[in-house]
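Novice: Take a look at the letters that make up each chain.
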Amino acid sequence: MGKSDIHKKIFAVLAFSSLVFLIGITIVLFKEGLPIFRIVKPLNFLFGKYWYPTYDPPDFGILPLILGSLWVTAGALLVCVPLGIGSALYLNELAGPKQRAFLKPAIEILASIPSIVFGFFGMVVVAPFLQKLLNIPVGLTAFTGSLILGVMATPTVCSIAEDALSFVPKSFREASFAVGANRWQTLVKVTLPAAGSGISTAVILGMSRAVGETMTVLMVCGGAAVIPKSFFEPVRPMTATIAAEMGEAVTGSPHFQALFAIGMILFLVTLVFNIAAEIISRRFRLKLGLGR
Amino acid sequence: MESELKIRLETVNFFYGKQQALKDISFEVYKNKVTAVIGPSGCGKSTLIRLFNRMNELIPNTRLEGKIRLDRQNIYEPQVDVVELRRRVGMVFQKPNPFPKSIFENVSYGLAVNGIKDRDYLAEKVERSLKDAALWKEVSGRLYKSALALSGGQQQRLCIARALAVEPEVILFDEPCSALDPTATLKIEELIQRLKEKYTIIIVTHNMQQAARISDQTAFLMLGELIEYDLTNKIFTSPSKKITEDYITGRFG
Ligand SMILES: Nc1ncnc2c1ncn2[C@@H]1O[C@H](COP(=O)(O)OP(=O)(O)O)[C@@H](O)[C@H]1O
Ligand SMILES: [Mg+2]
Chain A
1 MGKSDIHKKI
11 FAVLAFSSLV
21 FLIGITIVLF
31 KEGLPIFRIV
41 KPLNFLFGKY
51 WYPTYDPPDF
61 GILPLILGSL
71 WVTAGALLVC
81 VPLGIGSALY
91 LNELAGPKQR
101 AFLKPAIEIL
111 ASIPSIVFGF
121 FGMVVVAPFL
131 QKLLNIPVGL
141 TAFTGSLILG
151 VMATPTVCSI
161 AEDALSFVPK
171 SFREASFAVG
181 ANRWQTLVKV
191 TLPAAGSGIS
201 TAVILGMSRA
211 VGETMTVLMV
221 CGGAAVIPKS
231 FFEPVRPMTA
241 TIAAEMGEAV
251 TGSPHFQALF
261 AIGMILFLVT
271 LVFNIAAEII
281 SRRFRLKLGL
291 GR
Chain B
1001 MESELKIRLE
1011 TVNFFYGKQQ
1021 ALKDISFEVY
1031 KNKVTAVIGP
1041 SGCGKSTLIR
1051 LFNRMNELIP
1061 NTRLEGKIRL
1071 DRQNIYEPQV
1081 DVVELRRRVG
1091 MVFQKPNPFP
1101 KSIFENVSYG
1111 LAVNGIKDRD
1121 YLAEKVERSL
1131 KDAALWKEVS
1141 GRLYKSALAL
1151 SGGQQQRLCI
1161 ARALAVEPEV
1171 ILFDEPCSAL
1181 DPTATLKIEE
1191 LIQRLKEKYT
1201 IIIVTHNMQQ
1211 AARISDQTAF
1221 LMLGELIEYD
1231 LTNKIFTSPS
1241 KKITEDYITG
1251 RFG
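Residue numbers (the working numbering), protein chains in the order written: chain A, 1 to 292; chain B, 1001 to 1253.
Chain A with its partners taken away, still in its complex shape (with noise of 0.2 Å):
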């Protein structure tokens, strides 16, 4: 065996580490999630209403938390995506290279701020002055936590967003001028288009930065288990459900497996997104002529 051969299965060895991860926590996730539906059925432990995991006996309903997620999720996406697009697009199509050296920067340190800063930020300032403002019994609401995810989400969106952007050839753009487009109607039909599944792939991973964030959300959103009735109220996203109760829940009891299983249900969904932006992306690259 040569040297070369030696190196090569090296690097074969760490990169496939990475799979054996994957699998290995696949596994746990789901070795210890799953016992739940003996007590439970799917449907009950999905679409029950009650999360009293602790009360005697205990009820293992994780719709209020699901809706707390999806609450928080969707506020968060009406922040981050014009937030991110618009800035993205300001990046693209309008700055010069002197905002471009100052704005890039910025945004990728707004990226790399730990989310318990964020989460701090929210509770001192964010929620008492929302409380002020909206003049509601308390500032730790849906609405706060999905200000602040928004905030934490939109550097990836205008990151990866700006990357489809860029790579929109020029050629398309100088093509649409010599016909008499003006920026406005290139933006929208030729750039815009050509970026479009770039984009979703942008709102996607958005999406699934604000559906796994745990910290910001443990802080701000008010921590409530109950079925929100408005975005102006406390909820209990699952992310912020694990973290606050994994501490005090009994290994290898129920309230334990219903918590890897709310685990569980998370690694499917961002499992999801991942791969829909993945295809999406592929798609984009294959439309533009750019190959894998």
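Rather than coming from a laboratory, the hints here were simulated on the basis of the structure. Even for Gly, the Cβ is constructed at its ideal location relative to N, Cα and C. One should not assume that every hint holds.
[To be verified] Residues from chain A shown here face chain B by an in silico Cβ test under 10 Å; the list is partial: (1) A175; (2) Q185; (3) K189.
[To be verified] Straight-line C-alpha distance at most 27 Å; calculated BS3-like pairs for lysine-lysine: (4) K1006/B with K1234/B; (5) K1145/B with K189/A; (6) K1006/B with K1031/B; (7) K189/A with K1131/B; (8) K31/A with K41/A; (9) K170/A with K189/A; (10) K1101/B with K1031/B; (11) K1242/B with K1198/B; (12) K1095/B with K170/A; (13) K1145/B with K1101/B; (14) K1095/B with K1196/B; (15) K1095/B with K1137/B; (16) K41/A with K229/A; (17) K1198/B with K1234/B; (18) K189/A with K1067/B; (19) K1018/B with K98/A; (20) K1033/B with K1095/B; (21) K189/A with K1095/B; (22) K170/A with K1031/B; (23) K1187/B with K1131/B; (24) K1101/B with K189/A; (25) K1101/B with K1137/B; (26) K1196/B with K1242/B; (27) K104/A with K170/A; (28) K1198/B with K1137/B; (29) K1018/B with K170/A; (30) K1031/B with K1234/B; (31) K1101/B with K170/A; (32) K1023/B with K1067/B.
Assemble chain B with the ligands onto chain A, guided by the hints.
Specialist: Quick look at chain B with the ligands alone, frame taken from chain A:
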């Protein structure tokens, strides 16, 4: 035959930032003629023809001095509508650049952005333009299929059809065959020969034989300066400058 004046450059200078790309260029382009622009790469050919439809304006920090007249009107005057100008002066680029849309949408694009919605009219124009671009027979059965499935030569003819659809008066070609094989090149050359009956054509090429084959007038450019401008015949048989002769006989460049 008397040649009618179509475009006239009057001491044109052009700058990318501080770098001067074109120096004191003056010449005239005649209606229904093919005017070739030749010269070594980097001499300013693309820069020059992109002045005729004000494409260079898309590049920041550029500056133009002098006048460029299209039918006597200086196209750089503030009251000139760029959209209108670009409809009158179409362009075909070096690399075929159809949009990732259907063949039909590609050809009708220029009409669509000019606000034309009438389906029948669009269909008629698309057919006419594709016929004029000698592409109709090959694509009539798949107008709604992606333009990107066409071969390079077909894509370039599609780009020509797209330019024709808005009924321009002048068509600019920037090395339209540099990415094509000899057969596809020949087709484009024949097409250009036919198009000059209806249009005024300016073509950049670094292929000397191509210039000799298809053009009536030839401008020879070097380092941003117009070295010689004359009838193509004259340039290729008895150029008045030594440097032109050196270039066309392939002694450099
Ligand atoms: N966008 C640009 N910015 C700055 N300089 C440019 C730009 N485009 C072309 N140039 C310069 O202008 C000169 C002429 O280029 P060009 O017109 O593309 O030449 P040609 O088409 O004859 O090869 C070259 O020196 C080139 O470096
Ligand atoms: Mg060029």
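Novice: Confirm or reject each hint.
Specialist: Against the structure, the hints:
| no. | hint | in the structure |
| --- | --- | --- |
| 1 | A175 | holds, 5 Å |
| 2 | Q185 | holds, 5 Å |
| 3 | K189 | holds, 7 Å |
| 4 | K1006/B with K1234/B | holds, 21 Å |
| 5 | K1145/B with K189/A | holds, 18 Å |
| 6 | K1006/B with K1031/B | holds, 5 Å |
| 7 | K189/A with K1131/B | holds, 25 Å |
| 8 | K31/A with K41/A | holds, 17 Å |
| 9 | K170/A with K189/A | holds, 14 Å |
| 10 | K1101/B with K1031/B | violated, 33 Å |
| 11 | K1242/B with K1198/B | violated, 35 Å |
| 12 | K1095/B with K170/A | holds, 11 Å |
| 13 | K1145/B with K1101/B | holds, 8 Å |
| 14 | K1095/B with K1196/B | holds, 22 Å |
| 15 | K1095/B with K1137/B | holds, 23 Å |
| 16 | K41/A with K229/A | holds, 26 Å |
| 17 | K1198/B with K1234/B | holds, 25 Å |
| 18 | K189/A with K1067/B | violated, 33 Å |
| 19 | K1018/B with K98/A | holds, 18 Å |
| 20 | K1033/B with K1095/B | holds, 24 Å |
| 21 | K189/A with K1095/B | holds, 21 Å |
| 22 | K170/A with K1031/B | violated, 31 Å |
| 23 | K1187/B with K1131/B | holds, 13 Å |
| 24 | K1101/B with K189/A | holds, 10 Å |
| 25 | K1101/B with K1137/B | holds, 20 Å |
| 26 | K1196/B with K1242/B | violated, 31 Å |
| 27 | K104/A with K170/A | holds, 21 Å |
| 28 | K1198/B with K1137/B | holds, 21 Å |
| 29 | K1018/B with K170/A | holds, 24 Å |
| 30 | K1031/B with K1234/B | holds, 19 Å |
| 31 | K1101/B with K170/A | holds, 16 Å |
| 32 | K1023/B with K1067/B | holds, 13 Å |
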